[in-house]
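Number of protein chains: 2
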Amino acid sequence: MSNNLLEEFKPLFYPRSIAFFGVSQRSNSAGNQFLRVFQIFGYDGKIYPVHPTANEICGLKAFPNVKAIPDTVDMAIISAPAHTVPQIISDCVEKGIPAAEIFSAGFREVGDAGRKLEEAIIKIAKGKIRIVGPNCFGVYSPKGGLTLLPGATYPKKSGNIGIISQSGGWVTDLIWSSDAFNIFFSKVVSYGNGIDVDEISLMEYFKYDSETDIIGAYLEGVKDGRLFIKIVRSLLGKKPVIIWKGGLSETGKRAVSSHTGSIAGNKEVWEAFFKQSGAVKVHDFEELLDTIAIFKYIPPANYRKLAIIGGGGGVGVSASDICEKYGMKSPHATDSIQKEISEFLPQQGTSNKNPFDIGAPSAPSSILRNVLEIACKWDNIDAIIVNRMFFYGMKELMNEDVPEQNKRVDTIIEFKQRSNTKPVIVVLEDLAYGQNRIGIEISRRQVRDKLLHAGIYVVPSMLRAIRALSNLSSYWEKV
Amino acid sequence: MSNNLLEEFKPLFYPRSIAFFGVSQRSNSAGNQFLRVFQIFGYDGKIYPVHPTANEICGLKAFPNVKAIPDTVDMAIISAPAHTVPQIISDCVEKGIPAAEIFSAGFREVGDAGRKLEEAIIKIAKGKIRIVGPNCFGVYSPKGGLTLLPGATYPKKSGNIGIISQSGGWVTDLIWSSDAFNIFFSKVVSYGNGIDVDEISLMEYFKYDSETDIIGAYLEGVKDGRLFIKIVRSLLGKKPVIIWKGGLSETGKRAVSSHTGSIAGNKEVWEAFFKQSGAVKVHDFEELLDTIAIFKYIPPANYRKLAIIGGGGGVGVSASDICEKYGMKSPHATDSIQKEISEFLPQQGTSNKNPFDIGAPSAPSSILRNVLEIACKWDNIDAIIVNRMFFYGMKELMNEDVPEQNKRVDTIIEFKQRSNTKPVIVVLEDLAYGQNRIGIEISRRQVRDKLLHAGIYVVPSMLRAIRALSNLSSYWEKV
Numbered sequence: 001m002s003n004n005l006l007e008e009f010k011p012l013f014y015p016r017s018i019a020f021f022g023v024s025q026r027s028n029s030a031g032n033q034f035l036r037v038f039q040i041f042g043y044d045g046k047i048y049p050v051h052p053t054a055n056e057i058c059g060l061k062a063f064p065n066v067k068a069i070p071d072t073v074d075m076a077i078i079s080a081p082a083h084t085v086p087q088i089i090s091d092c093v094e095k096g097i098p099a100a101e102i103f104s105a106g107f108r109e110v111g112d113a114g115r116k117l118e119e120a121i122i123k124i125a126k127g128k129i130r131i132v133g134p135n136c137f138g139v140y141s142p143k144g145g146l147t148l149l150p151g152a153t154y155p156k157k158s159g160n161i162g163i164i165s166q167s168g169g170w171v172t173d174l175i176w177s178s179d180a181f182n183i184f185f186s187k188v189v190s191y192g193n194g195i196d197v198d199e200i201s202l203m204e205y206f207k208y209d210s211e212t213d214i215i216g217a218y219l220e221g222v223k224d225g226r227l228f229i230k231i232v233r234s235l236l237g238k239k240p241v242i243i244w245k246g247g248l249s250e251t252g253k254r255a256v257s258s259h260t261g262s263i264a265g266n267k268e269v270w271e272a273f274f275k276q277s278g279a280v281k282v283h284d285f286e287e288l289l290d291t292i293a294i295f296k297y298i299p300p301a302n303y304r305k306l307a308i309i310g311g312g313g314g315v316g317v318s319a320s321d322i323c324e325k326y327g328m329k330s331p332h333a334t335d336s337i338q339k340e341i342s343e344f345l346p347q348q349g350t351s352n353k354n355p356f357d358i359g360a361p362s363a364p365s366s367i368l369r370n371v372l373e374i375a376c377k378w379d380n381i382d383a384i385i386v387n388r389m390f391f392y393g394m395k396e397l398m399n400e401d402v403p404e405q406n407k408r409v410d411t412i413i414e415f416k417q418r419s420n421t422k423p424v425i426v427v428l429e430d431l432a433y434g435q436n437r438i439g440i441e442i443s444r445r446q447v448r449d450k451l452l453h454a455g456i457y458v459v460p461s462m463l464r465a466i467r468a469l470s471n472l473s474s475y476w477e478k479v
Numbered sequence: 001m002s003n004n005l006l007e008e009f010k011p012l013f014y015p016r017s018i019a020f021f022g023v024s025q026r027s028n029s030a031g032n033q034f035l036r037v038f039q040i041f042g043y044d045g046k047i048y049p050v051h052p053t054a055n056e057i058c059g060l061k062a063f064p065n066v067k068a069i070p071d072t073v074d075m076a077i078i079s080a081p082a083h084t085v086p087q088i089i090s091d092c093v094e095k096g097i098p099a100a101e102i103f104s105a106g107f108r109e110v111g112d113a114g115r116k117l118e119e120a121i122i123k124i125a126k127g128k129i130r131i132v133g134p135n136c137f138g139v140y141s142p143k144g145g146l147t148l149l150p151g152a153t154y155p156k157k158s159g160n161i162g163i164i165s166q167s168g169g170w171v172t173d174l175i176w177s178s179d180a181f182n183i184f185f186s187k188v189v190s191y192g193n194g195i196d197v198d199e200i201s202l203m204e205y206f207k208y209d210s211e212t213d214i215i216g217a218y219l220e221g222v223k224d225g226r227l228f229i230k231i232v233r234s235l236l237g238k239k240p241v242i243i244w245k246g247g248l249s250e251t252g253k254r255a256v257s258s259h260t261g262s263i264a265g266n267k268e269v270w271e272a273f274f275k276q277s278g279a280v281k282v283h284d285f286e287e288l289l290d291t292i293a294i295f296k297y298i299p300p301a302n303y304r305k306l307a308i309i310g311g312g313g314g315v316g317v318s319a320s321d322i323c324e325k326y327g328m329k330s331p332h333a334t335d336s337i338q339k340e341i342s343e344f345l346p347q348q349g350t351s352n353k354n355p356f357d358i359g360a361p362s363a364p365s366s367i368l369r370n371v372l373e374i375a376c377k378w379d380n381i382d383a384i385i386v387n388r389m390f391f392y393g394m395k396e397l398m399n400e401d402v403p404e405q406n407k408r409v410d411t412i413i414e415f416k417q418r419s420n421t422k423p424v425i426v427v428l429e430d431l432a433y434g435q436n437r438i439g440i441e442i443s444r445r446q447v448r449d450k451l452l453h454a455g456i457y458v459v460p461s462m463l464r465a466i467r468a469l470s471n472l473s474s475y476w477e478k479v
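Protein sequence lines, in the order shown, are assigned to chains A and B.
The C-terminal residue of the first sequence carries number 479 in my numbering, and the numbering is unbroken.
The C-terminal residue of the second sequence carries number 479 in my numbering, and the numbering is unbroken.
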């Protein structure tokens with residue numbers, strides 16, 4: 001079965017030629033936007049616009065119908081009105097096109113008339129053409145040159161993360177966030193109503209896809225719960241699966257029905273699903289993003305015991321509260337560790353007890369280096385979180401010696417590069433400043449990117465760091 | 001009593017002359033940084049550096065001791081080593097200085113020796129000089145020209161929010177966030193160990209301070225719980241008090257002891273405090289910031305029933321889940337409202353049911369205007385949240401017609417300016433992009449600032465919007 005699905009989905013992810021339906025002579029129509037986004041992104045296969053009367057659309061020769069295209073076509077991209085879609089699918093089948101994305105909405109999510117259209121399509125398509133959608137954003141597959149609205153400038157770089165989503169909006173946010181985490185995707189599929197390609201076939205595809213190692217999902221409903229548990233469970237310990245289930249509340253369930261017409265399912269059923277499948281449960285977009293990313297950066301293990309280095313005192317108190325909320329610990333430093341740290345850390349306004357307040361953000365890099373080393377050899381510590389070391393505004397605000405700030409960044413990178421060190425995570429706080437302080441954001445991104453490219457996981461808040469690490473630990477505890 | 005405190009604290013907040021202790025001939029010492037920050041900020045009273053041998057410090061004439069200053073001195077700012085502070089305070093008392101900030105750490109938070117120093121200071125100071133600190137960041141009072149490290153470029157504009165905090169770090173983050181919310185402060189006090197001026201006297205001061213209407217606090221411990229409840233309770237319905245209590249967890253309690261040496265207190269005691277006092281309970285920095293800000297923007301009332309306008313489908317599902325978590329509702333649109341909306345909203349890929357997916361982020365401003373109006377006259381709605389209307393990347397990514405985006409902004413501002421409308425809140429999503437997309441952040445801040453200056457509350461996520469509105473509603477329900 002594995003080989004079949006890999007083969008069957010090939011034209012969905014790597015089509016050599018695409019026919020576009022629903023394009024028009026109005027340059028701003030949704031169909032034309034889709035086409036233009038592909039052109040800007042740089043899809044390098046053949047593109048065939050289909051239009052009853054136009055000779056040319058977006059600078060390309062147009063064809064009155066799909067049969068008139070003098071070439072094999074691997075994929076159909078359809079943004080035509082819902083009621084015209086069954087006929088288009090029928091034409092595609094006749095032409096022998098093996099794959100289609102139906103962006104158009106107006107199907108079961110709007111009621112009975114739409115449901116009938118879906119049924120008609122299913123009947124025509126079955127066994128002949130694989131369909132993503134309808135009511136979806138489609139496929140982003142950087143290796144195949146495929147993108148989705150509004151991804152004209154999405155990363156062209158491919159990575160090892162696969163995404164399955166019933167929401168197009170969340171998918172676009174995930175892909176935009178690539179740069180901020182230096183993570184990249186193998187394939188991202190927004191499948192909407194999922195009349196054919198769905199959570200089950202996509203999960204199975206990713207199971208066998210050699211380009212995908214981590215799987216993230218936003219789901220509203222699952223058609224065959226038993227089968228879905230079985231597939232997700234079979235991935236446990238091999239490819240982590242992180243799932244955000246939308247619509248677990250009563251109001252959310254109702255919204256699911258207007259969105260993708262799915263059956264949202266009960267909270268208890270989903271609790272059981274997470275327990276039995278071993279998937280990581282996340283609760284919102286940021287947690288999904290952070291948790292997917294941490295699996296890329298931090299090797300498999302349990303990281304419950306944390307050294308938190310930075311400052312100041314109130315930040316340490318809050319970090320301790322967050323630890324407890326997420327089942328993590330920041331063990332109290334032993335007397336001998338306190339003594340060792342006191343030898344180089346000034347006593348006043350600092351703490352040698354963990355959380356270690358080392359006088360951030362002005363601490364000399366030598367102190368940071370020493371505390372990192374002590375945390376590393378302390379056997380009651382699994383991982384290290386560094387925070388408030390880069391007060392990126394320091395330079396413009398106080399003429400802080402910038403070489404010292406750069407040295408702190410280098411200290412962390414050197415520490416990470418040594419063998420036998422413990423994982424280190426950096427919290428780079430993301431305060432919202434005024435327009436006139438955009439320079440702070442620019443230097444923040446510079447520091448962030450330097451750390452990310454050295455393989456260090458960077459997140460914008462202590463809560464997000466600890467929560468992601470807790471999710472990672474829970475996963476590996478189950479394996 | 002009220003008048004006494006207003007009078008007594010005057011030199012703390014509006015000193016006409018300041019003596020700086022702990023400055024040195026090394027230009028980068030902490031004491032000199034404090035002094036320079038005041039100079040850059042533009043404190044316009046007299047500054048007298050005190051140093052045993054120097055003639056000049058930071059370009060100002062230095063004095064060998066405080067008695068040698070040929071002028072009355074309103075305030076002492078002290079960053080000298082802990083063991084020298086009792087003598088300094090004694091000298092200040094002799095000179096008749098009525099107020100002091102002690103930045104120096106190394107007191108009760110480090111153990112018995114430090115506790116003895118505190119006791120010595122208390123004995124010397126009692127009834128003669130009011131003290132903020134030790135182990136604190138001190139006072140930011142823009143009207144009085146006072147700032148705190150690293151606030152050389154903090155806003156000089158004053159506002160109606162007063163802050164009481166045992167953490168200097170969180171206080172600096174709050175003040176940096178002024179611009180992002182267009183909120184400003186009357187006085188911000190980081191009081192650290194609080195040996196004299198403390199949560200009780202500050203709360204009482206703010207109660208009578210005519211410049212302060214909203215009071216925010218980060219607290220680690222309270223010395224006299226009964227009295228504190230009484231004062232906070234007396235403010236209920238007059239000046240909202242929003243409190244983040246750090247160290248409610250077991251690990252957090254330990255961190256409190258190393259930070260300010262306070263007694264953190266039990267969870268149950270604090271639950272009772274919030275119940276009896278009517279203060280708004282918040283759980284982290286962002287919630288404190290958002291909640292303080294919403295009291296400035298949204299008039300007193302209960303706003304449990306929300307219309308959520310924007311999109312897309314997955315975003316609406318998640319918003320519904322968040323509503324339920326925070327005790328809010330997004331009522332299902334009645335048949336007549338659905339019908340009314342269907343007359344102008346294309347059926348496909350949208351929702352007329354609430355959350356209203358109006359095809360964001362490309363929806364025409366006319367549709368936004370119509371839905372705003374319908375939500376406004378719908379009697380089952382208390383407030384409106386607009387989201388995903390400004391896909392600020394749209395222009396550079398897709399050549400979206402920018403005038404249309406500007407029109408959506410103007411539509412919301414016009415709606416807000418009309419009389420008899422319901423409060424409208426805007427969620428301006430804050431995605432973390434790559435360095436090469438800094439232009440998106442620049443345009444995001446432009447849109448944000450235009451809305452803020454029109455009096456519209458803007459937050460970076462749906463969760464933060466709904467949580468803040470829930471806190472606001474809970475408060476006014478208690479009054």
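Hints listed in this document are in silico derivations from the structure and should not be mistaken for laboratory results.
These numbers come from a predicted model, not from an experiment.
It cannot be assumed that every hint is accurate.
Identical chains share a label here; the pair holds if one copy fits it or two copies do between them.
To be verified - With a cut-off of at most 30 angstroms between alpha-carbon atoms, the simulated DSS-like pairs for lysine-lysine come out as follows:
hint	residue 1	residue 2
1	K126	K329
2	K305	K143
3	K230	K128
4	K296	K377
Taking the numbered hints from earlier one at a time, note which ones the structure violates and give those numbers from smallest to largest.
When the structure is compared with the hints, numbers 1, 2 turn out to be violated.
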